[in-house]
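**Q** Chains A and B, in that order, are what the protein sequence lines are. For what it's worth, our numbering labels the leading residue of the first sequence as 4, then goes sequentially. For what it's worth, our numbering labels the leading residue of the second sequence as 1378, then goes sequentially.
Everything labelled a hint here was simulated from the structure, so no lab data went into it. Treat the hints loosely; a few may be bogus.
Stated by the list, open to error - For each label pair, taking beta carbons as the anchor points, the in silico distance ranges come out as: (1) L1784/B / G157/A: 51 to 61 Å; (2) G150/A / E1550/B: 37 to 47 Å; (3) R158/A / E1617/B: 27 to 37 Å; (4) V1538/B / P33/A: 46 to 56 Å; (5) P1559/B / R35/A: 44 to 54 Å; (6) F275/A / I1697/B: 56 to 66 Å; (7) Q1543/B / T163/A: 26 to 36 Å; (8) E225/A / K1502/B: 52 to 62 Å; (9) I314/A / Q1543/B: 37 to 47 Å.
By construction, the Cβ of each residue, glycine as well, lies at the ideal position given by its N, Cα and C atoms.
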Amino acid sequence: MTAPSSELDSHLAVDRGPDTLLTEVVSKSPMRLAVARFRKDKLSMVSLVVVVLFFLLAISAPILVAADLIDPLKNDTDLLDEYGLPLGSFGGISGDHWLGVEPGGGRDALARLWYGTTFSLSIAIAATIIAMFIGVVAGIVSGAAGGWVDAIIGRAIDLTLAFPQTLMLLALSAVGLAFVEEILGVPRGNPAAAVYVVGVLGLFGWTAVARIVRGQVLSLREREFVQASQMIGASRFRIYFREILPNLWAPILVTFTLMMPAFVSAEAALSFLGVGISAPTPTLGNILTDALRYADSAFLYFFFPALLIAIIVVSFNLLGDGLRDALDPKGHR
Amino acid sequence: MAESDQTVTEGTAAEEVPTVDEVLSQAHAASELDPDAPAVLTVSNLRMYFPVRSTGIIRRKVGDIQAVDGISLALPKGGSVGLVGESGCGKSTAGRAITRLYQPTAGSIEFEGRDLATISNRELKPLRREVQMIFQDPYSSLNPRHTVGSIVAAPLRIHNVVPKNQTLKRVQELLEVVGLNPEHYNRYPNEFSGGQRQRIGIARALALQPKVIVADEPVSALDVSIQAQVINLLQDLQREFDIAFLFIAHDLAVVRHFCPEIAVMYLGKIVEIGDRDSIYNNAHHPYTQALLSAVPDVKQAITGGRRERIQLTGDVPSPIDPPSGCRFRTRCPIAQEICSRHEPPLLQIGRRHKVACHFPGRLGEHPHAPLTAGLLGVDAEGRPDPGASPSSDLVEQPGYADTWFDLDKKSIGRA
Ligand SMILES: Nc1ncnc2c1ncn2[C@@H]1O[C@H](COP(=O)(O)OP(=O)(O)O)[C@@H](O)[C@H]1O
Ligand code: SF4
Ligand SMILES: [Mg+2]
């Protein structure tokens, strides 16, 4: 007591007005600490750079296509031999075709991969957003409301998980596509297929998010600010989405980065099973599926999309792990 | 306000750490009881049980956590009542049931002719303006993602208290009232210290200009010097805005200055309630006496010069399966057979003093025979006494009656 307590100091500092206190305290804020932790982790930083690079690639492809700088659709049989395989060594790699040409059609492999990245990431992002939206809303309501609401959402999660997804997806693809085309009015063909794939991935992918969010909400619910907002007469909606939701951005961000790569590979798997966007429009999935046929005759044509998918999956996962470690140093999951 | 707080702290700069009470006494006169003040909030027989459910798919109810088990008290207009007890006694639960954060299991909470205990959620919303709460933990009671301005503005917005374009002005006024810099409205809670955060919570509670504030251990999380500042602030606000406080605390030192009336709670029940003098100088319940012996400056008076502390061994028992009879008997130094058989009624033993014990008395002067045996119609061991008939008016009532049980005559009579 003789020495003024730190409390009193801070009172005085604030009352004097200048930002002496502010600068000192802000450096301690959880956000700053998380950023500092993240920056220290080399692997996370590298994965962040790679992920940003992929987004730049995905955004630039349509621009380059529009500007006619790359053309993923132009066939050129002059580049192929009589078996439809690329002329020249290494899958037809040349100054004009940096990654070689596509067997069968003679289209530029780089252009197709580049443009395909755009489609694959778009599908993954769209599906992730849908899954996150459903999962976050379901998780918040489930965790915050409790009782029978929680029980019903819990059963819905169990049911979704128990659903033989892949099987149903194939069996129902005709019905599903018809639904997308006729009821939602999406043009037949690739647009409808894209919507179907996004819808299916999103509608089946939300359960993990819902569980994570619910767990977080259960602990947030015990924080007194939730009671405080009840106390001032806040509506349920306000409590869920104005009080609780802003405290969930860390797990949401982490889940988002971890879900994206899962959906990139899921798109590839669905492509292989014959569901989804089909050539000539490229996706990493349908390029890889097509390339499987040439795995031994045109190895590089198969190798590049496989490598690209692997890099996407690994870098997004590393980024997600890094974010989680930085945001939640105790690692309680 | 901030300046006066500093003087308080500086004025107490001494070698030895003073108690909150000592710090407070130097700043303000203690709040005095107004015996004629009408009750603004009357709690009768309030119960709050939490169901205990079995694990598994069909979650059947297997028991109750009897967190609050029939408490009655009257909160005088503009006055303050302290609610004191160890951690786990059900104080917060009582506060939350009174403010309708919980739906009470039974009992009534009368406020301006309405019963808050049974009112619907729709009717409750306007009443939120009248009854507010200050929370215990300044670190968890403010949303870390909202600015101070939006935290204090939230009640104003929800209840449309002021026109939209005047919200900021009102927020700044409120910050000033609680002694914070009004220009700091766009900062986040983590930029403030514990005491300042608690002031933000107070500003939020004040925003609706309530008549009643339940303060759930508002200073327990703060340093002693800051405790005094916050209590001073509450006292100033109480006088300025005529707010009635139910002040919850886990020790008797904190409430002494602020609360002219104090209720001591143990395991869901009020065991002793009375005005300041009755509790601090004339406690009759062994539990109150034990709590008092932990208050440094009261220790000497109550223990008659013996400075040692009355140790309470063990923890508060589980409210799922509370001890039979008197709930304090497992830890009571003077418990006898009757204590396990019968629950002691909360008897009025003075003008403003009630106690629930079979052997009520000042420390070291507890009677040898149970004073309540006659009232309960039992013998000294608590077995049914065929010759006696139980007294009919042992039902707990909020407030105080004009007649009370005279400890010397062992009968109910007028003073
Ligand atoms: N929401 C709840 N559900 C179940 N039990 C509870 C709940 N809230 C409190 N309790 C129990 O009720 C008892 C009293 O708790 P509380 O009112 O917090 O005590 P205090 O505030 O006096 O420390 C404790 O045993 C606690 O475990
Ligand atoms: S009733 Fe018995 S056990 Fe309870 S406080 Fe009094 S003496 Fe102790
Ligand atoms: Mg408590």
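**Q** Is 26 to 36 Å respected by the C-beta to C-beta distance linking Q1543/B and T163/A?
**A** For Q1543/B and T163/A the Cβ distance comes to about 49 Å; the hint is violated.
**Q** Confirm or reject the claim that F275/A and I1697/B have a C-beta distance inside 56 to 66 Å.
**A** 57 Å, holds
**Q** Range hint 46 to 56 Å: satisfied by the CB atoms of V1538/B and P33/A?
**A** 32 Å, violated
**Q** Within 51 to 61 Å: is that where the Cβ-Cβ distance between L1784/B and G157/A falls?
**A** With a Cβ separation near 58 Å, L1784/B and G157/A satisfy 51 to 61 Å, so the hint holds.
**Q** CB of E225/A to CB of K1502/B, is that within 52 to 62 Å?
**A** 24 Å, violated
**Q** Does 44 to 54 Å hold as the CB distance between P1559/B and R35/A, or does it fail?
**A** 26 Å, violated
**Q** Please check whether R158/A and E1617/B have a Cβ separation lying inside 27 to 37 Å.
**A** Violated - the Cβ-Cβ distance for R158/A and E1617/B, about 54 Å, lies outside 27 to 37 Å.
**Q** Given the hint of 37 to 47 Å, check if G150/A and E1550/B actually sit that far apart at their C-beta atoms.
**A** 40 Å, holds
**Q** May I ask you to test the hint 37 to 47 Å on the CB atoms belonging to I314/A and Q1543/B?
**A** This hint is violated: roughly 56 Å between Cβ atoms.
When the structure is compared with the earlier hints, violations turn up for hints 3, 4, 5, 7, 8, 9 and for no others.
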